Every structure is written in C-alpha cells, then in structure tokens.
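Taking the hints into account, I'd like the entire structure generated from these sequences.
To convert, note that position 40 of the sequence shown is 40 in my numbering; the numbers rise steadily by one, no gaps.
Don't take each hint at face value.
Claimed, not checked - Simulated crosslink set (BS3-like; lysine-lysine; CA at most 27 Å straight-line): (1) Lys14 x Lys51; (2) Lys6 x Lys44; (3) Lys11 x Lys42; (4) Lys65 x Lys44; (5) Lys44 x Lys14; (6) Lys6 x Lys65; (7) Lys51 x Lys6; (8) Lys44 x Lys11; (9) Lys65 x Lys51; (10) Lys11 x Lys65; (11) Lys42 x Lys65; (12) Lys14 x Lys42; (13) Lys11 x Lys51.
Said to hold, decoys possible - Here are the in silico distance ranges between beta carbons for each label pair: (14) Thr49 x Glu7: 18 to 24 Å; (15) Lys14 x Gly54: 16 to 22 Å; (16) Lys11 x Ile52: 33 to 39 Å; (17) Ala58 x Tyr37: 17 to 23 Å; (18) Lys11 x Glu57: 30 to 36 Å; (19) Ile52 x Asp15: 30 to 36 Å.
Worth flagging that the hints you see were computed from the coordinates, not collected in a lab.
Note that the structure is predicted; figures quoted are calculated from it, not measured.
Positions of the beta carbon are idealized from the N, C-alpha and C atoms, including for glycine.
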Amino acid sequence: NHHLEKEYTFKNFKDALAFTNQVGALAEEVFHHPDIYLAWGKVKVSVWTHKIDGLNEADFIFAAKADTLI
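Structure below.
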C-alpha cells in the first residue's frame, strides 16, 4: 500500500471532531494534506505524497506529528 493510514478512536463525536480540526490545522501548517474521515467516535487519517503517488519522508513525519495530537 502506498498510503499511511491510521484510525483513532474517541469516546464521542465532539472529541473526534476536535482531533479532526487539529489534524487539519497541522496539515495547513506543514502544507501536507491527508485525507481525513470523521465518524462518531473515530477518525481515519490517510496520508501519502500525491506528486509521486507514494510515500516519502514527509508522510512519516506528518503521521508522527498527528500521533502527538492525541
């Protein structure tokens, strides 16, 4: 697979939405934009480098930074 994907779970929609907004802010800050899927109590983040349709160092850095937002 040429994407990094992770699903995060939360106790409610409010917390999932707050995390989604934090991931969005991070994406704007580093200009690296993942796909973000929001549902009740969960968020799935999928990141890859569109230009190469694969993974590079920036994807792994973004994923690590997203993990720190929990």
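Verification of the hints:
{"no.": "1", "hint": "Lys14 x Lys51", "in the structure": "violated (33 Å)"}
{"no.": "2", "hint": "Lys6 x Lys44", "in the structure": "holds (6 Å)"}
{"no.": "3", "hint": "Lys11 x Lys42", "in the structure": "holds (8 Å)"}
{"no.": "4", "hint": "Lys65 x Lys44", "in the structure": "holds (15 Å)"}
{"no.": "5", "hint": "Lys44 x Lys14", "in the structure": "holds (15 Å)"}
{"no.": "6", "hint": "Lys6 x Lys65", "in the structure": "holds (13 Å)"}
{"no.": "7", "hint": "Lys51 x Lys6", "in the structure": "holds (21 Å)"}
{"no.": "8", "hint": "Lys44 x Lys11", "in the structure": "holds (15 Å)"}
{"no.": "9", "hint": "Lys65 x Lys51", "in the structure": "holds (21 Å)"}
{"no.": "10", "hint": "Lys11 x Lys65", "in the structure": "holds (21 Å)"}
{"no.": "11", "hint": "Lys42 x Lys65", "in the structure": "holds (18 Å)"}
{"no.": "12", "hint": "Lys14 x Lys42", "in the structure": "holds (10 Å)"}
{"no.": "13", "hint": "Lys11 x Lys51", "in the structure": "violated (36 Å)"}
{"no.": "14", "hint": "Thr49 x Glu7: 18 to 24 Å", "in the structure": "holds (21 Å)"}
{"no.": "15", "hint": "Lys14 x Gly54: 16 to 22 Å", "in the structure": "violated (35 Å)"}
{"no.": "16", "hint": "Lys11 x Ile52: 33 to 39 Å", "in the structure": "holds (37 Å)"}
{"no.": "17", "hint": "Ala58 x Tyr37: 17 to 23 Å", "in the structure": "holds (21 Å)"}
{"no.": "18", "hint": "Lys11 x Glu57: 30 to 36 Å", "in the structure": "holds (33 Å)"}
{"no.": "19", "hint": "Ile52 x Asp15: 30 to 36 Å", "in the structure": "holds (34 Å)"}
Hints 1, 13 and 15 from the earlier list are contradicted by this structure; the remaining hints agree with it.
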